[in-house]
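S.K.: Got chain A; can you put chains B, C and D on it based on the hints?
Protein chains in written order, with the numbering used here: chain A, 1 to 401; chain B, 1001 to 1401; chain C, 2001 to 2367; chain D, 3001 to 3367.
Wrong hints could be hidden among the right ones.
Stated by the list, open to error - Taking beta-carbon pairs under 8 Å as the criterion, some of the chain C residues facing chain D (in silico):
#1 F2265
#2 Q2266
#3 A2267
#4 Q2360
Unchecked claim - Listed below are several chain D residues computed to face chain A (Cβ distance under 7 Å; list not exhaustive):
#5 S3284
#6 Y3288
#7 A3310
#8 L3362
By construction, these hints were calculated from the structure, which means they are not laboratory data. Because the structure is a prediction, the values reported are computed rather than measured. For every residue, glycine included, the Cβ atom is placed at its ideal position computed from N, Cα and C.
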Amino acid sequence: MMMRDDAEDDTAALRKEVRAWLEANWDGSLPPDQDRWNLSPATKAWLVKVFEAGWAVPTWPADWYGRGMTEQRADLIAEEFHQVGAPGARQDRSNFIVRTIYHHADPGLKRKMIPALLKREKGICLLYSEPSAGSDLAGIRTRADIGGTGYLINGQKVWTSGAAFADYALLLARTDWDATKHAGLTIFLFPMRQAGVEVKPLRQITDENHFNEVFLTNARVEATQILGGLNNGWRVLQAALAYERTALGDQSRAARHSAISDDLIGLAQQYGRLSDNALRQELAGVIALGKLHALNGARARELRDNNEPSPLVSLGKLAMSRVLHEEARIRTSIVGVETLLCGPDHPLADDANFLAFNAYFTSIGGGTDQIQRNIISERILGLPREPDPDRNIPFRQTRSG
Amino acid sequence: MMMRDDAEDDTAALRKEVRAWLEANWDGSLPPDQDRWNLSPATKAWLVKVFEAGWAVPTWPADWYGRGMTEQRADLIAEEFHQVGAPGARQDRSNFIVRTIYHHADPGLKRKMIPALLKREKGICLLYSEPSAGSDLAGIRTRADIGGTGYLINGQKVWTSGAAFADYALLLARTDWDATKHAGLTIFLFPMRQAGVEVKPLRQITDENHFNEVFLTNARVEATQILGGLNNGWRVLQAALAYERTALGDQSRAARHSAISDDLIGLAQQYGRLSDNALRQELAGVIALGKLHALNGARARELRDNNEPSPLVSLGKLAMSRVLHEEARIRTSIVGVETLLCGPDHPLADDANFLAFNAYFTSIGGGTDQIQRNIISERILGLPREPDPDRNIPFRQTRSG
Amino acid sequence: MKSTADERAAMRDVICNLLRSEASESHVRATMATRSGYDATLWKKLGTLGIIGMLIDPEHGGSGLGPIELELIMEETGSALLCSPLLSSGVLAASLLMSSKNRAVQQRLLPSIADGTKLATVAMTDDRGYWTEAGIGVHAHQVKDRLRLNGVASYVLYGEVSDVFLVVARTSDGLGLYEVTKDDSRFELAPLSMFDQTLRSARLRFADTPARLIEPIDWASVQKSLDVALIARAGEQVGGTRRIFDMTIAYCKTRFQFGRPIGSFQAMKHWAADLLIDVESSISAARYAADRMANQIDQSQEALYLAAFACSDAYTKVSAAAIQMHGGIGFTWEHPAHLYARRARAYAQLFGSPSYYREQYLRQLGA
Amino acid sequence: MKSTADERAAMRDVICNLLRSEASESHVRATMATRSGYDATLWKKLGTLGIIGMLIDPEHGGSGLGPIELELIMEETGSALLCSPLLSSGVLAASLLMSSKNRAVQQRLLPSIADGTKLATVAMTDDRGYWTEAGIGVHAHQVKDRLRLNGVASYVLYGEVSDVFLVVARTSDGLGLYEVTKDDSRFELAPLSMFDQTLRSARLRFADTPARLIEPIDWASVQKSLDVALIARAGEQVGGTRRIFDMTIAYCKTRFQFGRPIGSFQAMKHWAADLLIDVESSISAARYAADRMANQIDQSQEALYLAAFACSDAYTKVSAAAIQMHGGIGFTWEHPAHLYARRARAYAQLFGSPSYYREQYLRQLGA
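Next comes chain A alone, as it looks inside the complex:
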């Protein structure tokens, strides 16, 4: 066991090293990127530097591009990078796709893919959801049939972001139709740049196109591209989703959202509504919801640091959904009649309208509020599972709609 003083010295030494490295290498900023799928050459060059210094995945061993550090020490690195605004460190936590590949791919595939992905020489997207399998991801019907040295893929995926720019995808497909629904799935590291992959933008209710539908028609993938073994896809997927939740939990809100002021009091003042006692009561309630969500988050981190079990993490997404819907509701009530309008001449109405609809991104996307409530009541409160009549029968006998 390391003594406390040694540990503190060690922390200080690491901080010093990271700072010195940043001092020597970081210019203080990067040119703006178009979006996360189109990085500037300067950003890419920076990511190469970070990768080569071992900051990208510090908890992984040195022969896997890392420094063999503990999570706590790796967090320090992330903190130092964050302090100066430099990207690219600690992708062993934030880059959940790479993390999935690291834990589930064969060594050969890992060698080929991981450096390219960490340096963003290659882009990768997720092909999980399907129109017929939303909440019930295990019900997907995209088929992977043996053909030649690999598999022929046919089916339709949806809610994919970046599909048009990605070189690869994590693809969830069904490889055994006689197994039960969870048992016949496989995850492939699937090449996107081929005939048979058609990407169509999907328009959201917010009138944005962050997502795509992807049509797969006799597309091909080699058997060597399987992650975690044939028909083991459900387990790999669960790990991947857990990594994703962790990564998203660390992030703040979506881009457009973050550009909108959170200052509801200021908004109410601007619209001359602060003297309305009915609004004041609601305002206090809504602001409190957001604050309580933040306090729960802080308490969750504290409990995690003390290795105490806590249900708080799992509550986050559901609680956030309520915060966003409630904030949007009161924003609408403040802006009032102007919410009839939209467009650049009415930026505050535009915000209110956008946020009212964008709140569904959180309450539907990544597991609906209803699915979250199932998870909370079953896994945290220990209440019985929902019956799933399909669970134990061959998938080809199941109903869909």
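M.R.: Just chains B, C and D now, kept in the frame of chain A:
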């Protein structure tokens, strides 16, 4: 087919007849009764008169104490009695227990029981619910075992009103433990005045004792007292419950409640709260809830009169529950700090506290809000039934708790 | 004229069938993408059927119907999300002119409003969107011997396609109702971009714009026409609420997840049961308000204000729930759920917000 | 003194074990039926364990703990629905005296408050129950050379069993803190009947009642003690919320209806999941407020007001849901659900309502 004008004449003639009879017999009032279980001699004498005139059950045939009338014409009689405040008419609708007996008992039993019950010479109560069977009434465990010329009854009943005063009860008991849960039940017309029947008052959260627990230990009932046949109890019960809903739907709110003023605006004024805009908004919302409930009721009656199908009747109890809880909430908020107190020195606080707890009488009693939502979603909206694993197995194999 | 229940049922069938065939969802989407925001061919049919002129007296070419029939018809147009100037021309403008004492103007304008050949609209609130006397932002002055209007009127429904603008303006001694035609070059008209693309409105800026005086008017008369428009709004809200609710329940029965229709999940069932209360209550509120207004009996204002917020709140709640209950597909533009949610948002503000009407309701109750 | 996490865990265990054995539900029911409303034997033990004197300096015989430990201890007493004058004597009176500058009074009163041999309480609001400066209903006058109090103080917690009354009264030039003892015959004390029978309070009427001046005081000092009482209240609320929630979840697992545990019904599951957010949020709010106060850092008032309404609302909501989720048994007096609901109702009003604190919170945020 009767011509329209004839029908009108007929209506007028009936009204005239009822009015003349009331004119000749009704004094304008009766001495107050202690409660519905302890009627004054004057009230009883009046009920005998009504019974003998055939007004008690006008839709039943003459040899069954009635006048063989249509429902519509019988309603006229009820109206005329209501107009002058005279009780006892139209018990073929309001007296749901007698109605159950009329439709399900053997002729001999009917002759014995019905006159005594209509004249209130005998009192009767309901022994349905049990501690282990609340929402799930088909899960009752009171046993009726063959013994001598009849049955031996053992078990515990709850939520019984009037058990201490009743001469008889409609008793739901299990007569076949190898049948499925709905198939082994029987309804008995059970004599209450016997050893083996112990009645204990049940204290409610409102600190009232409107109900009892009834302990049945080797109590006896003859086989001739079965209503609707052995093991046919579930069907009889469904009819009895439907009669009860109709009768209760006609009634207004419970006694103590009706003594409390509905005037929330007056209450707010009294507490000097009418200038609080937050309260005003809530007040409008709550009053509206009550008004909408009333409008739904009016529309339901109109649709019924036009023989149009309507979901509105089934929504009533659930909607009323929400009205009562919301009214209680705002009443609490108006009375404020004084709700810390109770007792005769603080009548308005007492009302607020009582109503807050008494609202559960509606949201739990007679089928919880949750059961109502099941019924509405299944029977009106046509959504699938809840799975009931006990439904199709012998009752003795079911779990309880 | 007061129709019988049978006549009303027949009327409902006619409209329902027309809209089912000519105002399908794809037609609504096509129309909402046009600049004018309505389909002139369908509009003509509505004129022929007497729907545009429903509130206009037969002597002026209308059908002479009342609030009960209005509410019923609007339930159907609201259910279809019909894109049209019916509310502005056929309801608000028509009822304002119907209560006018200026028969010459009635005779000149009402017949062409009734048959749909002319579109009229009402300009009465400034940018604050109050729809109250205090919200009037146009002033009328006598300049030499001609009348001139100055100021701003906003949220003017279907302003860009309207031929006639009925402008409520302040005068030196009260209010006046003025007529301005689209051919008059001396005012600016800017179409407003609407979050609900099935609606159109515009902002008018008058700068010494010539106008004809129809008549001096008091606020109570304007309010009466607004009241009629509120009945129409309630009808459209109720129709939309019912339709999106039915659509959602149908989806819950056919969409399978985890091997079960999603409507078999109790949380969905209970949610649906609660929403049904809101749906039915809003229907009751809208029809009660229409009935009270038709019979001009007590509590008609109380009933109207109740409907004004109850129908707004129900539509907002039910259409929001519909998006969530549909899950992923409900978050796509191609699914109509958001169209109903947009309409719900719009109608919750147009002519006054739910909190405004809650306050009015409470005042009617004497508080 | 600031305790470590380990010390706090140990403290929690001690209290938890004591209350589990000596403040069981049947004990609570027996105690709430007594006139005094508390159990003198258990009270003595709380004194011995240093719990009554938790906020009192060791030099005056107390344990010298702070808000963090206070909140923690009160979570346990609130969870048990402990019937005792801890809040009035150990928290409100003790903290008011602790911030006094009158060392003589401190030395005379604090040791016997700390060990429980004397009960003290604070009289500061009149019948309106404001707990603000405006709510003070007692006036102090100099009559010849003696001090006299006149007026009414209500909601005086455990007044009937208290030995010492700390009365906040108006004077000719501000406020004063006065001491009145129960032996003084010149005031009337009427016990109030409490809807929450686990609490006691009384109404005092002073009529030329002699009193000792402890010191002139400003409202801010009184407010500071009230703030400490709000931390205690939040702790008890959170403890009660958690307990009734856990009890309900346990019932959902063991109660079978329709052949299934009622906790397998999705509507119950989802309801429970939503309530868990309220439970956890109120815990976060109470502990954050205690932490801010302990560290006397920024936003301590903001945090306090947030906890004041968030913990009230959560307790009210969760205990109300508990009755409904228990069904029939929850409607009986013998089940404890209503005892928690009564406490929730009481604490939502004692020291100020949720809407009052929402307003205070908003003001702290600068609105």
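S.K.: Each hint should be assessed against the structure and marked as holding or not.
M.R.: Hint by hint, here is what the structure shows:
The interface hint given for F2265/C is met, as the beta carbon of that residue sits about 5 Å from the closest beta carbon of chain D, less than 8 Å. A least Cβ separation of about 4 Å between Q2266/C and chain D falls short of the 8 Å threshold, and the interface hint therefore holds. For A2267/C, the interface hint holds, since its Cβ comes within 8 Å of a Cβ in chain D; the closest pair sits about 4 Å apart. The beta carbon of Q2360/C is not positioned within 8 Å of any beta carbon in chain D (closest approach about 23 Å), and the interface hint is therefore violated.
Interface hint status for S3284/D: upheld, as the beta-carbon distance to the closest one in chain A is roughly 4 Å, under 7 Å. Interface hint status for Y3288/D: upheld, as the beta-carbon distance to the closest one in chain A is roughly 5 Å, under 7 Å. At about 6 Å, the closest approach between the beta carbon of A3310/D and any beta carbon in chain A falls short of 7 Å, and the interface hint on this residue holds. Hint on L3362/D holds. Least Cβ distance to chain A is approximately 4 Å, under the 7 Å limit.
The structure shown violates just one earlier hint, number 4.
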